[in-house]
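Novice: The listed protein sequences derive, respectively, from chains C and X.
One gets this note's numbering by counting positions in the first sequence from 1 and adding 1048 to each.
Every letter in the second sequence is one number past the one before it in this note's numbering, and letter 4, counting from 1, is -3.
Hint data in this document are derived by calculation from the structure and do not stem from the laboratory.
Please note that a few of the clues may not be correct.
[As the list claims (entries may be wrong)] Mimicking DMTMM-like on lysine to aspartate or glutamate, the simulated pairs with C-alpha atoms at most 20 angstroms apart in a straight line are: (1) X:85 with X:30; (2) X:83 with C:1063; (3) X:21 with C:1152; (4) X:85 with C:1055; (5) X:21 with C:1120; (6) C:1164 with C:1153; (7) X:83 with C:1186; (8) X:83 with C:1055; (9) X:21 with C:1055; (10) X:58 with X:30; (11) X:85 with C:1063; (12) C:1164 with C:1152; (13) X:85 with C:1186; (14) C:1164 with C:1120.
[To be verified] Stretch by stretch, here's where chain X covers chain C in the computed footprint (C-beta under 8 angstroms, at least three residues): (15) 1098 to 1112; (16) 1122 to 1134.
[As the list claims (entries may be wrong)] Non-contacting residues of chain X with respect to chain C, defined by C-beta distances greater than 10 angstroms in every case (computed): (17) 2; (18) 43; (19) 65; (20) 70.
Quick reminder that beta carbons are idealized off the backbone N, C-alpha and C, glycines included.
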Amino acid sequence: MVHALQEVHRVLVPDGYMIDLRPVGIEYALEVVAGEQVISVGNADAAGRAARDQAANQAVEQIQALGLFIQEAHTPFSLYTYFPSPIDYSEHLLERGGSTQIEDDTLANAVREFEKAGTNAQFRARHSMIISRYCKQDVPSY
Amino acid sequence: MTTNLHLQRDPEQNEIHMLQNYAELASKHILEIGSGDGRLTWRYAHLAGQVTTLEPGASAVAVAKRLRSHDLQTKVNLICSQAEQLPFSKQKFDGAIFAWSL
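Please model the entire structure based on the sequences and the hints provided.
Specialist: Given below as C-alpha cells:
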C-alpha cells in the first residue's frame, strides 16, 4: 500500500493532491426511517474491516513521515445505503460473503421495528466515512 | 458483485458533495485508483477535465466499459492495472482519488 502511494506521488504534478475517501469503524448502524423518525435497531458487525483500516491508516502515516504528502483537511461524514427491508440487507451481506455480519437478534429486532413502522418505512445502513485531502510535497529523492 | 438491484447507495449524495468540496476537478486530469465498476466515477467525471481510472479486476473494468456513457467515452480512460506500478510517466496528473480503495 505504501508503494502504491509512492507511485501516486511520482505521477502527481507539483502541488498535486490526493483524496482518501473510505468507510471506517467496525460497525454499521442500522436504522428504520419512517417519515421524520429515525429508529436505531442495532449494528452490523464489520470487524473484518479492522485490519484493512489499520493498514490504510499506517500507510498514510508512513507517507507523511517520509515527507511525501501533508494532510490538508480531514472530515468525517455519514453515508447511507437503503434496502427494501432488513431481510434484503441480510441477504445482501450473505451474497457478498464479506466481512460484515448481522446477528440474528439484531435482524429480528430490525424486522420487528420495520414492520411496526408501516408500509412507507425504509431500512438503511449508516457507514461512518472519512474524507482526507493530502498535498504532494517536493522530495528531491522521489 | 451483488445481484440485489434494489439497494440505493447514498441517495442524499453526501459522498459526491464531500468529494466536490475536497477535490478541484474543473480542467484537471484526475487519476482514480481502485475504481471498480465506476460507481463513483460516473458521478464526478463530467466535472473534471480528464479522468483516468485504474482497477485491477478485469471483470469490474469490463462492467465499467459497458456502463460508460457516450459523452464520457473520450473523457474517461479505463485501465486494468495494479496501483503498485503505475503505467504513467511522472507528473502526469493533477489529483488522485482513492475511493473505498485504500
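Novice: Evaluate each hint against the coordinates.
Specialist: Okay, the hints, checked on the actual structure:
1. Taking the CA atoms of residue 85 of chain X and residue 30 of chain X, the gap is near 23 angstroms; set against the 20 angstroms cutoff, the hint is violated.
2. For the given pair, residue 83 of chain X sits about 13 angstroms from residue 1063 of chain C by alpha-carbon distance, which is consistent with the 20 angstroms threshold.
3. Annotation: proposed proximity of residue 21 of chain X to residue 1152 of chain C is violated, straight-line Cα distance about 48 angstroms (limit 20 angstroms).
4. A hinted pair counts as satisfied when its Cα atoms are at most 20 angstroms apart, and residue 85 of chain X with residue 1055 of chain C qualifies at roughly 12 angstroms.
5. Taking the CA atoms of residue 21 of chain X and residue 1120 of chain C, the gap is about 19 angstroms. The hint holds against a cut of 20 angstroms.
6. Proposed proximity of residue 1164 of chain C and residue 1153 of chain C is supported: the alpha carbons are some 17 angstroms apart, at most 20 angstroms.
7. Taking the CA atoms of residue 83 of chain X and residue 1186 of chain C, the gap is about 13 angstroms. The hint holds against a cut of 20 angstroms.
8. For the hint linking residue 83 of chain X to residue 1055 of chain C, the alpha-carbon distance of about 9 angstroms falls within 20 angstroms, and the restraint holds.
9. Distance hint between residue 21 of chain X and residue 1055 of chain C is fulfilled; the C-alpha atoms sit about 19 angstroms from each other, no more than 20 angstroms.
10. About 8 angstroms separates the Cα atoms of residue 58 of chain X and residue 30 of chain X, which keeps this hinted pair within 20 angstroms; it holds.
11. Proximity of residue 85 of chain X to residue 1063 of chain C is assessed by CA-CA distance (about 12 angstroms); at most 20 angstroms being required, the pair is judged to hold.
12. Restraint check for residue 1164 of chain C and residue 1152 of chain C: the C-alpha separation of about 18 angstroms stays at or below 20 angstroms, so the hint holds.
13. Under the criterion of a C-alpha separation no larger than 20 angstroms, the hint pairing residue 85 of chain X with residue 1186 of chain C is consistent with the structure, at around 15 angstroms.
14. Between residue 1164 of chain C and residue 1120 of chain C, the direct Cα distance comes to roughly 46 angstroms. Violation of the 20 angstroms bound is thereby established for this hinted pair.
15. Against chain X, the segment 1098 to 1112 of chain C contributes 3 residues with a C-beta closer than 8 angstroms to a partner C-beta. That satisfies the three-residue criterion, and the hint holds.
16. Restraint check on the segment 1122 to 1134 of chain C versus chain X: 9 residues with Cβ-Cβ distances below 8 angstroms, three needed, restraint holds.
17. At roughly 5 angstroms from the closest C-beta of chain C, the C-beta of residue 2 of chain X falls inside 10 angstroms, breaking its exclusion from the interface.
18. Remark: the non-interface label on residue 43 of chain X is consistent with the geometry, its nearest Cβ contact in chain C lying 13 angstroms away (cut-off 10 angstroms).
19. With 10 angstroms as the threshold on Cβ separation, the claim that residue 65 of chain X sits away from chain C holds: the shortest Cβ distance comes to roughly 20 angstroms.
20. Under the 10 angstroms C-beta cut-off, the non-interface status given to residue 70 of chain X relative to chain C holds; the minimum distance is some 14 angstroms.
The structure is inconsistent with the numbered hints 1, 3, 14, 17, although it conforms to all the rest.
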